[in-house]
Amino acid sequence: MLPARIAASLGLLVMLPAGVQAQGAGPPPARDAAPVDLTGYWVSVVTEDWLWRMMTPAVGDLASIPMNAEGRRVAEAWDWTRDEAAGEACRSYGAAAIMRVPGRVHVTWEDANTLRVDTDAGTQTRLFHFNRSGDPGGTPSWQGTSLASWDPAGRGGRGVSPQSRGGSLKVTTSNLRPGYLRKNGVPYSEDASVTEYFTRLPESFGAAWMVVTTIVDDPRYLNEPFITSTHFRRLPDDRGWNPTPCSAR
Amino acid sequence: MAHLTHRIGAVLGLLLAVPAVPASAQVDLSGEWSSFFHEEQPERIPGPEIGNYIGFPVNDHIRMRGDTWDASIQTLPEYQCRPHNSDYQTRAPQDLHIEKEIDPISREVVAWKGHWLRSTTPRVFYMDGRPRPSPNDLHTWEGFSTAEWHGDVLTITTTHLKEGYIRRNGLPRSDKATVVEHLVRHGDVLTWVTIIDDPVYLTEPLVRSTDYRLNLHGAVPPYPCGIVEEVDREPGNVPHFLPGTNPFLTEFAERYGVPAAAWRGGAETMYPEYRLKLQELQGPNPSLREPVNVRR
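Those protein sequence lines, which keep their order, are chains A and B. Using the numbering used here, read the first sequence as starting at 1 and increasing by one per residue. Using the numbering used here, read the second sequence as starting at 1 and increasing by one per residue.
Everything labelled a hint here was simulated from the structure, so no lab data went into it. Nothing here was measured: the structure is a model prediction, and the numbers come from that model. No residue lacks a Cβ here, since even glycine has one placed at the ideal position from N, Cα and C. Hints should not be assumed to be uniformly reliable.
Residues on chain A that point at chain B, a partial pick, calculated with CB under 7 Å [claimed, not checked]: (1) LEU51; (2) ALA63; (3) SER133; (4) LEU147; (5) THR199; (6) VAL211; (7) THR213; (8) HIS231.
The shape of chain B in the complex, shown without the other chains (with noise of 0.2 Å):
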């Protein structure tokens, strides 16, 4: 009997010892996600103007790439199947799938994918901890990413960057940035916040977010880009302009009356006290007027 005792004593410590709850009992991230637009998406679907460079915390190296960067680049073989850097996949317009990765034996969520529409391979998201590459390590579309959670956010933290971009009208991120993510469900409403660090290209960080509505129908298809000659150059011919040529720069500004200084963005605009200097540059209700085309 006192060894039956025993036994029982045993296994009630060893159930006090264990987590009532595991540590992945947390939110379930997983599967198909709808991009929508209720914000951006005049940027998010027909994409950015050129000289747009408002409300963004930006340099002046960001802006002279900016000033020279020629849409027409995107129509070069080596462009045209270039996938989204992944710290813009969630503000391009496609679809995201979400998966998640499980341990066989513990049955721990040892990570996390996320696909969408224009990636070559699944962004994977570390849950275990393992340690970072060296700086000098390859540097990548998707970079390398771990995650934790906090609470129901989950925070992903990604380096190994190539160079992408963060609005599509040629403002650059550079190699050297780090960027933190957090994933936060409601429902079925999910919202992703990136932050950007870019110790090249910004002032501060640069944060934004995105949401997704859950699809029970949904599914990222395939992306079979192909690559085709769209215009004829002479070999080694890299549109561009040269600083201070390029006519589109100011397109923008006129059509919404934004005054020269706004639109060169900077951390200062992305605050709201820069309403009062807006109407210091642009006298009373300036804004009331009718822009010269008003996208719907």
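Pulled out of the complex, with its shape left as it was, chain A reads as follows (with noise of 0.2 Å):
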């Protein structure tokens, strides 16, 4: 009897997944279970792709997107008189170009399930929900609407020190107003879908980094997925942080 007991419990040892934890009521909020510390003030350093990120590139300048033959049409009419009289000076800081403007990203967590990342270019604001799930519906807007999850969920376990857990933060975006790649009217529009994942580095040369892996989906205007990865440093407090409006030159 004892042995069968045993190995009844032996059985279950090695079930157990190695991360189950205390059985609460429901998952922690996001702000607890984060693998990683995305917060605090963050700076691009433009070492890639600077002749299209600090210069407004010209009309018809598409080098390296993979835009298809109407994508181009809709670039090369670009106007950006146009914009600013119709108040759409915002339209090259969107949720699908917004990580690849220079400037200063600040993350705070806006309440437990939601994660808030404001950029000092162009003065935006993304929020990252945490508790939702389906279709986000509501009125498009430059930032669309975020879900977002901890990617991979639940690591941890035995032998794993929560300082190196590690993991990213995936986002995924719909719901957007059409908007543009570059600030040069290489467009995208409102079936765009984003998929981002933003990953803390462990430290390096003194200095904490962070990568945003953007994939833009667009079946509108692109030919395939535009993928691209944007690194930033980590600052010690706000200095530099500058709010800007957006300007559609």
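Got two chains here, separate frames each, mind docking them using the hints?
The following block contains the structure:
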């Protein structure tokens, strides 16, 4: 009898996932479950695509972007005066592009299940909702509706210290107003969706780094998903934070 | 019975002692990875322009190297089959093959290996915590690399590199540099972040990130490089420009309307506030002018 009981316990132990914690009423809030700390001020370090990010490229300069014919046609018709007159100066500051815009970002927790990202370039606010799912609905906006999760979820277990659990923030965004992938009118449509992974990297050469991998899918204007990775260096405080309005030029 | 109970207890104890998730049960990076060029296509495929130092934390020493560099040096027999230095491999237009070396007994991953088209030998990223060689030890194109996991990020540290380049327009990276790389996989996308600290040529670390896509049908082809006499020249002639004589240095800046203070690069050109300085240097809407030749 005793061996059978012990064997049963043994089987149970083997079946238990490594990261099983004391069973509670439900999953902890995203803030408590965060495998990495993304909060704070970050500055983009523009060592790539400099000509297309730091300057406004000429009309029709689509270098590197997998545009289809319709996308090219729209891009070549870009007129910044028209955007400015229409009150659409924020077209190049939408969710599909904002992390590539040179600037500082401030990451905070809006509440226990909502991560907030403010950008000084264009003075935009993004809200990443952990406790929502399904069709976002609502009125399309520059930053759309963003659903968030930790990727991978539930990493942990014996032998894995909280400091080295690691992981990324996965954000999927839709419900977007049409905008620009680049300042010179390279378009994305209201059908676009954006998948992003925010990964905090181990400290290197005395600085903390974050890389954001962005995948823009737009069946209307792109031949294939447009994938970029953008890096940021963490700042000790808000120095250099300089909110500026959107500019169509 | 008591003997049996003790034995079962011992097995139980052993089960508790063994981590349920082995240290090596991390993200699998092995496979064939295709490069694509949604960033920096003009620099990575046709190649960068002479005199483009923009967005890099360069000092005057490296500027001098770039100013006196002649692209014709690549035609020298000694240069024709030169592999890319390991910290440049990810920037070059070539695919990647990653494999893992597994200890046959413990089945732990003891090393990762990376192969690119233009590499003579694979890069090896040792996971076994071996010590670094003496600073005076051999320096190679691949360097000496150790790696460790931080969560799902594989971090590689490389030293013992031969002098290489950070941009294929004559901007060198010295053999004193240390390179840290972070590999992050999200589904079929691999992001490879490279941070170079070079006390000889850079005023602060240079960071770049490159993406690959998993390719289930990919393969890195062989690179049977042969050397030919490309240019008739006197023996011992090494293509170069003396300081102040390179006529091509300003072509890039003129093409894109970049002011002289910007194309010479430097750490300040990497940061967002430099846009304000650009506006001061160029006046209102300078960048909306048509460049001489828009590259699409």
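Hints broken by the structure, by number, lowest first?
3 and 4
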